[in-house]
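Q: Protein chains in written order, with numbering that gives the first Met the number 0: chain E, 0 to 360; chain H, 0 to 360; chain X, 0 to 360; chain R, 0 to 360.
Be a bit skeptical, because a hint or two may be false.
One side of the interface only, derived from the structure: several residues of chain E facing chain R at Cβ under 7 Å [claimed, not checked]:
hint, residue
1, G28
2, P30
3, L33
4, P37
5, L353
6, Q358
7, G360
Since the hints were derived computationally from the structure, they do not count as laboratory data. The beta-carbon is built from N, C-alpha and C at its ideal position, and this holds for glycine as well.
There are 4 protein chains.
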Amino acid sequence: MSHNTFGHLFRVTTWGESHGPAIGCVIDGCPPGLTLTPEMIQRDLDRRRPGTSRFVTQRREPDQVKILSGVFEDDRTDGPRTTGTPISLMIENVDQRSKDYSEIRDRYRPGHADQTYDAKYGLRDYRGGGRSSARETAMRVAAGAVARQVLGPHILIRAATIQIGNHKASLRRDWDETACNPFFAADAEIVPVWESFLDEARKAGSSAGAIIEVEAINVPAGWGAPVYGKLDAELAAALMSINAVKGVEIGAGFEAARLSGEENADQMRKGAEAPQFLSNNNGGVAGGISTGQALLARLVVKPTSSILTPVKSVTRDGEEVEVRTKGRHDPCVGIRAVPVAEAMMACVLADAKLRHQGQMG
Amino acid sequence: MSHNTFGHLFRVTTWGESHGPAIGCVIDGCPPGLTLTPEMIQRDLDRRRPGTSRFVTQRREPDQVKILSGVFEDDRTDGPRTTGTPISLMIENVDQRSKDYSEIRDRYRPGHADQTYDAKYGLRDYRGGGRSSARETAMRVAAGAVARQVLGPHILIRAATIQIGNHKASLRRDWDETACNPFFAADAEIVPVWESFLDEARKAGSSAGAIIEVEAINVPAGWGAPVYGKLDAELAAALMSINAVKGVEIGAGFEAARLSGEENADQMRKGAEAPQFLSNNNGGVAGGISTGQALLARLVVKPTSSILTPVKSVTRDGEEVEVRTKGRHDPCVGIRAVPVAEAMMACVLADAKLRHQGQMG
Amino acid sequence: MSHNTFGHLFRVTTWGESHGPAIGCVIDGCPPGLTLTPEMIQRDLDRRRPGTSRFVTQRREPDQVKILSGVFEDDRTDGPRTTGTPISLMIENVDQRSKDYSEIRDRYRPGHADQTYDAKYGLRDYRGGGRSSARETAMRVAAGAVARQVLGPHILIRAATIQIGNHKASLRRDWDETACNPFFAADAEIVPVWESFLDEARKAGSSAGAIIEVEAINVPAGWGAPVYGKLDAELAAALMSINAVKGVEIGAGFEAARLSGEENADQMRKGAEAPQFLSNNNGGVAGGISTGQALLARLVVKPTSSILTPVKSVTRDGEEVEVRTKGRHDPCVGIRAVPVAEAMMACVLADAKLRHQGQMG
Amino acid sequence: MSHNTFGHLFRVTTWGESHGPAIGCVIDGCPPGLTLTPEMIQRDLDRRRPGTSRFVTQRREPDQVKILSGVFEDDRTDGPRTTGTPISLMIENVDQRSKDYSEIRDRYRPGHADQTYDAKYGLRDYRGGGRSSARETAMRVAAGAVARQVLGPHILIRAATIQIGNHKASLRRDWDETACNPFFAADAEIVPVWESFLDEARKAGSSAGAIIEVEAINVPAGWGAPVYGKLDAELAAALMSINAVKGVEIGAGFEAARLSGEENADQMRKGAEAPQFLSNNNGGVAGGISTGQALLARLVVKPTSSILTPVKSVTRDGEEVEVRTKGRHDPCVGIRAVPVAEAMMACVLADAKLRHQGQMG
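Pulled out of the complex, with its shape left as it was, chain E reads as follows:
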């Protein structure tokens, strides 16, 4: 994780501003010989795309991805294959409405990175948030689609929204359901609750936070590298780096504070080929290394900072102002963070796989 690059062997570098000509990423270190088509990437991008329901932003970004390098097809290979060289992906920005930015040029929108970018860099691309826009997460999703190819079909990564505002979904996870509602809910019963809650928030010019659960099934035991490159430490960084995320927990997470040692211990019995665990409070990782159980994390996404309700702020020059953000914003940015969380987990695991192979052969 260094500036705009993450990963050690499976390395992703992203670039681009919300209202520049394009956004993109370069994926380096990908193994050769993997099938990779734009459609494979597009499928994941479409899950994150704006405008798919009234609960997400209404911007029109078709987000058509192009593969500019790193893939080759000839008559010896059955379809386009990765070559082991850098994969360059690009999405052209097509819905950059030319408009008057003079209002936000000098105002610091609370919750956004306006003040901090100015404090750091002394100047910033204020159009639509520039580099700090959540638009950047499209390239994480694109990279995640490549990472899934590295992991292969056996490792399944999936995420669901489990809480919006104060409304928690039940503990059951009906994963097929996540494709059937606009919230990526794994619990059909919570859907109408969230609908009316978010409709209300939207009408009130407000917004809502959310909690997302993400898991990876069939991760082999042994991935990850103590003591600073721990699998959970890398996952925490990857998830925390997503826009608006304010917390990450693994397994029992913050609940572990309340548990006794014997409640928290993931006891073991004899399994077919490996130990069988009687619980998963560790969330699939112990000592920074995967146990073979489901790798399980949760992350919290703060409520969208762009709201119609006026909030107090200052300008660049210190003048006191009120800020109301009009426009086409997500009432709950947490929703579209679901495929992003999956992508980050895929990237962390792809990197962990390659690093494990590196040390262990």
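Assemble chains H, X and R onto chain E, guided by the hints.
A: What follows is chains H, X and R alone, placed relative to chain E:
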């Protein structure tokens, strides 16, 4: 963060096993000319040392640190100074009781890294947990003491235990109080509650989890580097990499899910030299860059896995066994994690400072 | 230096194949506020461009660079400025003649990376050399133009061809002359010698090697970081990574073997502000740190491997064949490596500057 | 390569000053299960040790290495084995004569790093060169011994001195001979020539430079990673980072400038399992990837800077002085650089092996 090294410009590499001849670290990239004595490091180490109360392990580890390189004193400098070359620190292990390890050699202690180290490496140093022992965190504390010198006296880093088991401290933070009780509590009233709770847990052969809060005051606005080297992402990785930590949150953290956009927004008014914030739900970081407010994080430490109460497990060969861990263990490892959390925050900030200087001059 | 990225704080990642849709690079860590226009980059690219004389390839690649991110202009800034976020540069490939590649698809061209890419990756993009094509060096030149902005106008980087085949230029360096002949010669008298030598080589279906000298003037003393990040070690890696380079030397280089200790010592006398050196056998670096003298390196570029003269080889399947490479190839690739060498030195120095600032403030 | 660490997956960090209490290194990322004893490391260290002939320094440094971590032996393993955790090695400094350093404290010895360390850091440990002392290379040799275990017995790395002063050895390489003379010469006939040449230099208070050849046999085709992590680029950095090295070449190296394309091409014929090359001008690497031929490099070591012959210099404060270096110095530091060059090649290859495994599985 890569295997046993973390940091980019202020880089810390640790080494050593619980029952090997010594543990140590190498700190590379430290600016020259800083005063550094063994006493400065020892002061922090003594706060983490075992045997200081009945609520921590009774092992006798004097943890005397030696500086083996990177510091020089001549008559031109007023005391020993860092030279800008690698600082090597070492602590000899003196309380390695020679004992019979045959029992734990083959048994997987639930909650420990026994099963995962075997799954990854095929062999492991089982004496006292080897590399996965919390003993490694002593070197984090040592490195943190050096990091504090890099940050200078104006930046204040401090942490407190705020919850043990189900017992939360109040919201007031009486920081002086943290030095006056065995829990690093910032609230004198919770101390007797935790005492009786932990005495009971200990007698029952059980253990307890804890939540720690850590903050840094006077961090200038502008540190951190989007979008993957975000200050909060690096902090999350650093804290999550501490043994037994299962969750990290920044500012309002998981509570942010329940807040509305206008409640969560850190509104601003005109300040003396910089914007004055009316709240700190962001925990001092926005868009991955410090805002100038207190940098604020919380972490959860799971209950000690080494307990007297028997738990079900298996051996290396798959045989079913019960595991009871005798010996001198912390009933709540969270307590001694308090100085470790401070150290990790210090290291993250020292690195962020140098990287900020690098890009901005 | 890691796969397709180099640099630590000023980091360059390049991507793209010779005959793919485009080539590009991402420059991360660049300081904000620097003026950067496509014209500034184009100026350097034009020096490397094919088709400028009969001594370089006759391919028509206009190599028009586009800046896709990281630069912003508003009415507060005087022209487009870097923002401190990743700078994405792209050149579309326009002269990809659609042709029959079946002949080179299976044949290993001696001196090229055909056999090694196949050995490593199991497949390769054989069109024009794919990723191993010297076309990739265009992006090094583009990145170098950005690096020069980081270094500022005071640091002057310049290179010249000093030997082609067995014909050495004299020791005088008339730097203005390098812009006046097709060889980047700093010695007008050698120009006709090289012209007739290369005309002959070209007619014979052969090719020639070359030696290039590159130097940086006004580098402050103190840049570079012992002991593995030495300035000369990083420069050696950067120059050796250029296609077809087989050797790098600093200062007196291989001649130092013949010198006595007293001949080789760069003796010092009192200077105006810093020591004045009486020679520069060290090439401006001692102990891995710049001395303040000219940073001086030489590199050798092997003769172009693509020649008309048939050479013995094998196919992918081990069948013995003869290979003759028709087409529009440089009779001496060393010539166009001159601006590439300058660019790599600029990138190494920009990174060294930022790293020095990082540690020293 | 970053400050005092090199390697990506097989990572070596060294620390320590010439006259501090000890020097050491930490090797991270080593595969588990490899046999490793102090004797294995000592064997290589003894080849570099001072005092073995009159042609090297007469200091008495037994250089006894200790393994402090990362190796474990129990009754399940046949001897001590690496565990996959950091290997910490240390050598205590025993021949630090307590003496008066006031003379060199303020004087800049030409050719040494005195002036540059002061320019960079503002202070330096002047005792025996401190961190810039060639003593640091002992830890490179120690790390190289571990790297050889990673590579296994099939890959053979060997080096020889091939030129001292103006006296070149013949082209034959009698590798067994290198163990039979004090110069690591692979040509018995040059030995008396070098003896009398160096005796004379020593008597004259002078010193001599040298050229070393180093090669690795049986490196599989396919190691290395274009385009910046090229095997030859990494090797160039590793060798150039050795104290006093001023040039590195691969294969035909600087001679390639004189060759025609057809002379330089390593033509191929059908081999048993892989192409058989008819020459090795490429030095075993093409496009940054190993070809399967011998990996072949040469490096030049400048004459020892510490000489009795007085040379002109200045003090820290700019006063003009003459410097004569008394004491026990190598008349030709190139000789003891032979095992260091082998070690650096071993480390580069161990890292390349692990990285190749990482990407390719």
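Q: Compare the structure with each hint and give your call.
A: Evaluated hints:
Contact between G28/E and chain R, as hinted, is supported at the beta carbon level, the nearest pair being about 6 Å apart and thus within 7 Å. Among the interface hints, the one on P30/E holds; its C-beta lies about 6 Å from the nearest C-beta in chain R, closer than the 7 Å criterion. Given the 7 Å rule on beta carbons, the hint for L33/E is violated: about 11 Å separates it from the nearest Cβ of chain R. At about 23 Å, the closest approach between the beta carbon of P37/E and any beta carbon in chain R exceeds 7 Å, and the interface hint on this residue is violated.
Proximity of L353/E to chain R holds as hinted, the smallest CB-CB distance being about 4 Å (cut-off 7 Å). Annotation: Q358/E was flagged as interfacial toward chain R, and the flag holds, the nearest CB pair being 6 Å apart, inside 7 Å. Hint status for G360/E relative to chain R: holds, with the closest Cβ pair at about 5 Å, below 7 Å.
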